[in-house]
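Q: Given the coordinates of chain E, work out where chain U should sit on it, guided by the hints.
Top to bottom, those sequences are chains E and U. Residue numbering for the first sequence follows the working numbering, starting at 1361 and increasing by one per position. Residue numbering for the second sequence follows the working numbering, starting at 272 and increasing by one per position.
One or more hints might be untrue.
[Said to hold, decoys possible] Covered, in the sense of this in silico footprint (three residues per stretch, anywhere, with C-beta under 8 Å from a C-beta of chain E), are these stretches of chain U: (1) 425–434; (2) 438–451.
[Unchecked claim] Estimated spans, in silico, between C-beta atoms of each pair: (3) U/Leu398 <-> E/Gly1497: 50 to 60 Å; (4) E/Gln1471 <-> U/Leu415: 26 to 36 Å; (5) U/Leu419 <-> E/Gln1471: 24 to 34 Å.
[Unchecked claim] Restricting the straight-line Cα-Cα distance to at most 27 Å, the calculated cross-link-like pairs of lysine-lysine (BS3-like) are: (6) E/Lys1542 <-> E/Lys1450; (7) U/Lys356 <-> E/Lys1450; (8) E/Lys1373 <-> U/Lys356; (9) E/Lys1586 <-> E/Lys1373; (10) U/Lys418 <-> E/Lys1505; (11) E/Lys1424 <-> E/Lys1559.
Don't read these hints as lab results, they were simulated from the structure. Where is the CB? At the ideal position from N, CA and C, for every residue including glycine.
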Amino acid sequence: MIQIDKVAVTFNKGTALETTALRDVSLDVPSGQFLTVIGSNGAGKSTSLNVIAGLAPVERGTVKVDGTDITIWPVHRRASLISRVFQDPKMGTCENLTILENFALAQGRTQPTGLRFAIRQGAREQIAERLRLLDLGLENRLDDKVGLLSGGQRQAVSLLMATTGETRVLLLDEHTAALDPKTAEFVVGLTQKIVRELKLTTVMVTHSMAQALHFGDRTVMFHRGKIIFDAAGPEREELTVQDLLTLFKRDQGEDITDDALLLS
Amino acid sequence: MSLYEFLGTMEVGFIFGLVALGTFLTFRVLDFPDLTVEGSFPLGAAVTAAGIVTGGWNPWIATLAAPVAGFAAGWVTAYLNVRFKILHILAGILVAISLYSINLRIMAGPNKPLLGTRTVLSSFEGLGYPTYMVTPIFFGVVLLVTKLLIDAFMRTGVGLSMRATGANPAMAAANGIDTGRMRLIGVGIANALCALSGALFAQLFGAADAYMGIGVIIVGLASVIVGMAIVPSRLVHQATLACIVGALLYRFAVSTALNADVLGLKASDVQLVTAVLVVATLILQQSGGFGRLFTRKR
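Bound conformation, chain E alone (with noise of 0.2 Å):
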């Protein structure tokens, strides 16, 4: 489903501040599969998923998604195909609009609307549907303004918005890191669900080596902007973040020294 084929990404390129955060990297992810990552600060985890959102500028190599090459697509362009929750619960969801509003606009990711008034005929008992999944009470307060939501709310709506209509990849930017650990929890739980239900191709970064594999079903860890290990299958079921520790230190011959890999 999404095939990403020796890519370069490289910020700042020709000045004193040029940082390589890709190099030649790889990575193919087959239908239905939901693929965790997990790499430290810098390592090219988000840069990856801005790769595939259409956020970092491909230096060299290809991006395809669902056999078609997006590698040059405008990120509005590659909404049809992919949708995506961000890690801040404010970036996701526009706060001066209601809760249908917001819906309304994710639904125009696949169904645009035009000249047409957005929120059609049945629209309402449809999205508070959706919304009663949540066992928030958020079905009652369609016309709420999403900035009377607290964080958790927001990143659930969000999940809820980035999964409506017809979603191929789905794309979670450790989009459980601002949340308080209960919310976390229910949040990730709600993520597995949909995910399980609508069998969305799915790539997830996280900060969390426990997340990274107690979720999903591979997991890939970028170091320095490579791929250094990739696991699946019955040899990722037997993996505890210990095994990934002395992988790592094997390989690369140096400890994991980003405390917030350790410690979530």
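A: Quick look at chain U alone, frame taken from chain E:
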């Protein structure tokens, strides 16, 4: 204030209500501070006046040509910003000053008198009602229809996309919205409204003038800020109503200030009065208001 003065203030307020709605679209909906208005207001006046006088066009057609020209002007500003990444404020200023020269070309001079020629307002003569009553009603209807059209537009897919573009461009793009196109359309529409306003203003006062755009942007902003400070503006149809109320209140505030003998103000002080009014409203909206003058900085 006599009835005559009252209606005179209302009609100008209605005309500038169009500018207020345009300013609302750019500053509030799109978060695109657009200064093209200073050029598109006289552009509308120039196109209509030259169309009627030089071109011999039907006044209604000449009036409708104004928003077309205004849309083009706004589109150019947005294009400079979207395509070439020129700062929005600078792009607006560049287009506004180039419009100054263009307007002189259109009018073949610094102004174009419309006295003694047929205008859209001539159509209402001979109906048996006094002009000073019919004119404000006409402008009021134009403004009301425009407001209702904007309210409806904001509920469409494109309108909602425009609101998302201003509020959260990253989210808008992730949901398939071409944010650049939304800015092109939105800034275009805003300047079309301002040009229409200029076209009506020129016909009311009997001349188009190259200098008539000075301070228009501040009048628009003053109307939006004053209106939203007074009228609840949570929903779009409330916000557009607030713009109109603001435009009228602004007119009354200015004419009261200029007419109050105690203040000793002259008509030429209008820009200063406007600026003071905007600053006062902005300060009053902050917590503490003018009390901040007397408290320590933190």
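Q: Against this structure, judge whether each hint is valid.
A: Checked hints:
Counting residues of the stretch 425–434 of chain U whose C-beta lies closer than 8 Å to any C-beta of chain E gives 8; at least three are required, and the coverage claim holds. Residues of the stretch 438–451 of chain U lying with their CB closer than 8 Å to a CB of chain E number 12, which satisfies the three-residue condition for coverage. For the pair U/Leu398 and E/Gly1497, the beta carbons lie near 58 Å from each other, so the given range of 50 to 60 Å is met. Restraint check, E/Gln1471 to U/Leu415: a C-beta distance of roughly 33 Å satisfies the suggested window 26 to 36 Å.
At about 27 Å, the CB distance of U/Leu419 to E/Gln1471 agrees with the hint of 24 to 34 Å. Distance restraint check for E/Lys1542 and E/Lys1450: the Cα-Cα separation of roughly 19 Å lies within the 27 Å cut-off, and the hinted pair is therefore satisfied. Between U/Lys356 and E/Lys1450 the CA atoms are separated by roughly 25 Å; this keeps the pair inside 27 Å, and the hint holds. Note on E/Lys1373 and U/Lys356: the hinted pairing holds, with a Cα-Cα distance of about 20 Å set against a maximum of 27 Å.
Among the hinted pairs, E/Lys1586 with E/Lys1373 is consistent with the structure: their alpha-carbon atoms are about 18 Å apart, no more than 27 Å. A distance of roughly 23 Å separates the Cα atoms of U/Lys418 and E/Lys1505; the hinted pair therefore holds under the 27 Å criterion. Taking the CA atoms of E/Lys1424 and E/Lys1559, the gap is about 19 Å. The hint holds against a cut of 27 Å.
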